[in-house]
Amino acid sequence: MSRVSVLLADDNSAVLGQVTKALEKDYDIVAALKDGQAVVRECLRLKPDVVVLDISMGDINGLDLVQELRDCGCYSKIVFLTVHEDHAYVNAAIGAGAMAYVVKSHMSTDLGVSIKAALADKFFVSSSLLYGRP
Amino acid sequence: MRALKKAEVFRVVTNGARKVTLWMVCVGTILPVGAPAHTWARPSTILLKQDRCKTPLSSVATYFHQSLSKTIACWCGQLFPEIATRTLTESLPELQRLTIATLFVALIVESALIFVFLRHLRESKLTKEVLRHKETELAETQCLARLGSWRWDPKTNGMSCSHALCNLLGIDTQLQTMAFHEFSYFFTPESWNRLTQNMKIGLRTGASFELEVAGFRFDGTQMWLTVRGHAVHDVADHVLQLRGTMQNITERKRTEQTLLDSEERSRLVAELIPALMWWCGPDKQCTNVNKEWLRFTGRAMQEELGDGWLANVHPDDLQIFLLLFSSPFDRRQSAAVECRMRRNDGKYRWMRCTSSPRFLVNKHFTGYIGCCTDVTDEKEAKAANAEFGSKLIRAQEEERARLARELHDDINQRLALLANGLENLGADNNNVPDGVKCIHRNGKARELWQLANDIAADIQHLSHQLHPSKVHYLGLTAAVRDLCQEFSKQHNIGVECIVQDLPKNLEDGVSLNLYRAIQECLHNTAKHSQARHVKVELTRKSMLLHLYVSDDGIGFNPSDVVGKGLGLISMRERLRSIGGELLLWSRPSLGTQLEGTVPVALRQVRGDEACVADKNSLISSSPPSLLTVAERPRSHIA
Chain G
43 MSRVSVLLAD
53 DNSAVLGQVT
63 KALEKDYDIV
73 AALKDGQAVV
83 RECLRLKPDV
93 VVLDISMGDI
103 NGLDLVQELR
113 DCGCYSKIVF
123 LTVHEDHAYV
133 NAAIGAGAMA
143 YVVKSHMSTD
153 LGVSIKAALA
163 DKFFVSSSLL
173 YGRP
Chain W
824 MRALKKAEVF
834 RVVTNGARKV
844 TLWMVCVGTI
854 LPVGAPAHTW
864 ARPSTILLKQ
874 DRCKTPLSSV
884 ATYFHQSLSK
894 TIACWCGQLF
904 PEIATRTLTE
914 SLPELQRLTI
924 ATLFVALIVE
934 SALIFVFLRH
944 LRESKLTKEV
954 LRHKETELAE
964 TQCLARLGSW
974 RWDPKTNGMS
984 CSHALCNLLG
994 IDTQLQTMAF
1004 HEFSYFFTPE
1014 SWNRLTQNMK
1024 IGLRTGASFE
1034 LEVAGFRFDG
1044 TQMWLTVRGH
1054 AVHDVADHVL
1064 QLRGTMQNIT
1074 ERKRTEQTLL
1084 DSEERSRLVA
1094 ELIPALMWWC
1104 GPDKQCTNVN
1114 KEWLRFTGRA
1124 MQEELGDGWL
1134 ANVHPDDLQI
1144 FLLLFSSPFD
1154 RRQSAAVECR
1164 MRRNDGKYRW
1174 MRCTSSPRFL
1184 VNKHFTGYIG
1194 CCTDVTDEKE
1204 AKAANAEFGS
1214 KLIRAQEEER
1224 ARLARELHDD
1234 INQRLALLAN
1244 GLENLGADNN
1254 NVPDGVKCIH
1264 RNGKARELWQ
1274 LANDIAADIQ
1284 HLSHQLHPSK
1294 VHYLGLTAAV
1304 RDLCQEFSKQ
1314 HNIGVECIVQ
1324 DLPKNLEDGV
1334 SLNLYRAIQE
1344 CLHNTAKHSQ
1354 ARHVKVELTR
1364 KSMLLHLYVS
1374 DDGIGFNPSD
1384 VVGKGLGLIS
1394 MRERLRSIGG
1404 ELLLWSRPSL
1414 GTQLEGTVPV
1424 ALRQVRGDEA
1434 CVADKNSLIS
1444 SSPPSLLTVA
1454 ERPRSHIA
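Protein sequence lines, in the order shown, are assigned to chains G and W. Just so we're aligned: 174 in the working numbering is position 132 of the first sequence, and the numbers increase by one with no gaps anywhere. Just so we're aligned: 1155 in the working numbering is position 332 of the second sequence, and the numbers increase by one with no gaps anywhere.
Excised from the complex, chain G in its bound form (with noise of 0.2 angstroms):
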């Protein structure tokens, strides 16, 4: 059974290198990028199963990409990665089609359960957006 395929994308490459390391134990990462502009490219090129975008991106929103996948006929999961902790941009990003959103504090903790959710057809948010933090 083949690996599930996963796309990054984030304009720190810090961040970038931590998902990197998080995730590639258990998910293939077929693409990690910094440009915002090149991720329509590559997903239509690599078609991957879930992708984890940044909403803030440089010039590049992340909601407006998510509409951009969609309307090229790109049908990836979305897992929005961001420091956004605020409930209006969670509504945005559910409702452009994301799957989950995961606030990078709890990346450790949320990241994994929000891919597996993503890939199960499940909506996931960080608990801290749910609850407020701990």
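Because the hints were derived from the structure by calculation, they are not lab data. Be aware that a few hints might be false.
What the hints assert, rightly or not - Straight-line Cα separation of at most 20 angstroms, EDC-like style, residue types lysine to aspartate or glutamate; simulated pairs:
{"hint": "1", "chain 1": "W", "residue 1": "K1327", "chain 2": "G", "residue 2": "D53"}
{"hint": "2", "chain 1": "W", "residue 1": "K1312", "chain 2": "W", "residue 2": "D1331"}
{"hint": "3", "chain 1": "W", "residue 1": "K1327", "chain 2": "G", "residue 2": "E66"}
{"hint": "4", "chain 1": "W", "residue 1": "K1312", "chain 2": "W", "residue 2": "E1270"}
{"hint": "5", "chain 1": "G", "residue 1": "K76", "chain 2": "W", "residue 2": "D1232"}
{"hint": "6", "chain 1": "W", "residue 1": "K1312", "chain 2": "G", "residue 2": "D128"}
{"hint": "7", "chain 1": "W", "residue 1": "K1023", "chain 2": "W", "residue 2": "E1013"}
{"hint": "8", "chain 1": "W", "residue 1": "K1170", "chain 2": "W", "residue 2": "E1203"}
{"hint": "9", "chain 1": "W", "residue 1": "K1327", "chain 2": "W", "residue 2": "E1360"}
{"hint": "10", "chain 1": "W", "residue 1": "K957", "chain 2": "W", "residue 2": "E946"}
{"hint": "11", "chain 1": "G", "residue 1": "K76", "chain 2": "W", "residue 2": "E1229"}
{"hint": "12", "chain 1": "W", "residue 1": "K1327", "chain 2": "G", "residue 2": "D91"}
{"hint": "13", "chain 1": "G", "residue 1": "K158", "chain 2": "G", "residue 2": "D101"}
{"hint": "14", "chain 1": "W", "residue 1": "K1214", "chain 2": "W", "residue 2": "D1331"}
{"hint": "15", "chain 1": "G", "residue 1": "K164", "chain 2": "G", "residue 2": "E84"}
{"hint": "16", "chain 1": "G", "residue 1": "K89", "chain 2": "G", "residue 2": "D70"}
{"hint": "17", "chain 1": "W", "residue 1": "K1327", "chain 2": "G", "residue 2": "D106"}
{"hint": "18", "chain 1": "W", "residue 1": "K1114", "chain 2": "W", "residue 2": "D1197"}
{"hint": "19", "chain 1": "G", "residue 1": "K76", "chain 2": "W", "residue 2": "E1033"}
{"hint": "20", "chain 1": "G", "residue 1": "K67", "chain 2": "G", "residue 2": "D101"}
{"hint": "21", "chain 1": "G", "residue 1": "K63", "chain 2": "G", "residue 2": "D101"}
{"hint": "22", "chain 1": "W", "residue 1": "K1267", "chain 2": "W", "residue 2": "D1277"}
{"hint": "23", "chain 1": "W", "residue 1": "K978", "chain 2": "W", "residue 2": "E1005"}
{"hint": "24", "chain 1": "W", "residue 1": "K1358", "chain 2": "W", "residue 2": "E1319"}
We have chain G already, so just place chain W on it with the hints.
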């Protein structure tokens, strides 16, 4: 009874005449209704003096021609059938039928003659009455018109004056005729010369004349008169005399003189002041411009008169200028219009043209007077100021955005990594599987993880304060709704938020400045208004975005906050920087309303130039504005 009534009427009529005698047979009695007087009333007299029963037919009949008697009898019989019948049957039954008939005919004929006479008398009396009435009316009219009539007979050299003229000249009304030379007393020598010359010409040629002369009343009071005269001819067309009128026009002359003085003064002022002035008549045609106008346009007076002055207005401004000028003109209201006018060097300058209607003392509309001042420098300074303000706001926002980005994209990301590292540290130490690590962290690591998360939250808040990234990532609609929700929660003030029909690709600058304006407005509401409810409405209507914020707070007097605080100035400048404007209305205890309009500007998309609204063109091509035609209920923010 009807016969009695008619007899009574007849009696009243004849008594009214008081000149004739009438005896009348009625219901068997001869009734005296007047005193004997006239010869042609003789039949009655005969009847009275003689025994009516013995009156022979011939004695009555001889007084009238037979055919006339018959005709009159027939006529009267038709008029008074009751009298005739009753007389025959009741009054004198002993008389022969013919005798009675003759007697009656005699009486009726006499009555008819009396009727004719009375009618003649009444007509004569009425005519005299009408004549007297007309004379009174004429005198009153002359008096009201301050006008009197005169007649000069050259044969007697007598000058006859009407009562009204005597009154006008202030002389005794008994002295209605005087020698022609005595009349010179009432005129200045120059006027008398002109008058006599005209009268002599009239006498010689029969020509009519009319002239205004300076004169005096008998008591020496000065006055102005209009003298009119015409010749009266005999059958041979020779001039017999001159007749005419004199009218007192002193008041009119004084008004004219006052007006002339006033006009002269205003013209003098107009020539001295360094502004362009113009006058136009009730037909909107230019009647005059001052020297400064001519110097500015470099054209001749003749070129400016009539419609000529409009040639100076910029062709692009002409239509709207005429519209804004005509509308108040037709309502006789003051107006102020800004438009471009061509200077003598061919360059167009912005002019502020104000105008006011002109009225005479009697409220008669005589046209408009206007003044134009060059406001190009003022407009350029304002534009530069606005541009500077816009640049300042843009620079400030850019710097804030940069700082926010630094905090968010760098510091916050690193803090997130730190938090994750601490989380992993705790998890590694406890060597527990994913998903349950957090509950097994050791105490110190958990404390540090919590601290890192708190710092990250504070930095995110600070970053959002510096630059509202929600506007960029979520769009203005979601950002404003979120702002209102947060505000309501934070200040416990009910907020009704209506945001609809906003374009998704609204330009970032427009979105950000509108968001900032609402933020500032809500901030002011929380700080000063003591409001319990706030309404925020942001909608799109055609190519304009309308912002409306109102509260039910204590309100304030806008003039009290002029120059105080930067909040209102900042809001105005923000909207102005994106081509919009802001109006504020507030009264103590009546709450505050803020209304803003901004032209829609869309984010530029590659290859889709058409969807971008040119904001600058919207500002620069704004038409001339009407400044003071209608009172605005809301004041501009100072």
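Here is what the structure says about each hint:
For the suggested pair W/K1327 and G/D53, the alpha carbons sit about 25 angstroms apart, so the restraint of at most 20 angstroms is broken. The suggested pairing of W/K1312 with W/D1331 is violated, with an alpha-carbon distance near 27 angstroms, which exceeds 20 angstroms. Straight-line distance between C-alpha atoms of W/K1327 and G/E66 comes to about 38 angstroms, which puts the hinted pair past the 20 angstroms bound. For a cut-off of 20 angstroms, the pair hint linking W/K1312 to W/E1270 is broken: about 29 angstroms separates their Cα positions.
Straight-line distance between C-alpha atoms of G/K76 and W/D1232 comes to about 13 angstroms, which keeps the hinted pair within the 20 angstroms bound. Proposed proximity of W/K1312 and G/D128 is supported: the alpha carbons are some 15 angstroms apart, at most 20 angstroms. Our distance criterion of 20 angstroms between C-alpha atoms is met by W/K1023 and W/E1013, whose separation comes to about 16 angstroms. For a cut-off of 20 angstroms, the pair hint linking W/K1170 to W/E1203 stands: about 15 angstroms separates their Cα positions.
Proximity of W/K1327 to W/E1360 is assessed by CA-CA distance (about 17 angstroms); at most 20 angstroms being required, the pair is judged to hold. Proposed proximity of W/K957 and W/E946 is supported: the alpha carbons are some 16 angstroms apart, at most 20 angstroms. Between G/K76 and W/E1229, the direct Cα distance comes to roughly 17 angstroms. Compliance with the 20 angstroms bound is thereby established for this hinted pair. For the given pair, W/K1327 sits about 30 angstroms from G/D91 by alpha-carbon distance, which is inconsistent with the 20 angstroms threshold.
In summary, the hint linking G/K158 to G/D101 is not supported, as the alpha carbons are separated by about 30 angstroms, beyond the 20 angstroms threshold. With a C-alpha separation of about 15 angstroms, the suggested pairing of W/K1214 with W/D1331 holds against the 20 angstroms cut-off. For the proposed pair G/K164 and G/E84, the alpha carbon gap of about 25 angstroms is over 20 angstroms, so the pair is violated. Simply put, G/K89 and G/D70 have alpha-carbon atoms about 12 angstroms apart, close enough for the 20 angstroms limit, and the pair holds.
Only pairs whose Cα atoms come within 20 angstroms are accepted, and W/K1327 paired with G/D106 is accepted, the gap being roughly 11 angstroms. For a cut-off of 20 angstroms, the pair hint linking W/K1114 to W/D1197 stands: about 15 angstroms separates their Cα positions. Of the supplied pair hints, the one linking G/K76 and W/E1033 is violated, its CA atoms being roughly 105 angstroms apart against a limit of 20 angstroms. At most 20 angstroms may separate the alpha-carbon atoms for a hinted pair to count; G/K67 and G/D101 exceed this at roughly 31 angstroms.
Between G/K63 and G/D101 the CA atoms are separated by roughly 26 angstroms; this puts the pair beyond 20 angstroms, and the hint is violated. Among the hinted pairs, W/K1267 with W/D1277 is consistent with the structure: their alpha-carbon atoms are about 15 angstroms apart, no more than 20 angstroms. At roughly 16 angstroms between alpha-carbon atoms, W/K978 and W/E1005 fall within 20 angstroms of each other, so this suggested pair holds. With a C-alpha separation of about 5 angstroms, the suggested pair W/K1358 and W/E1319 falls inside the 20 angstroms cut-off, and the hint holds.
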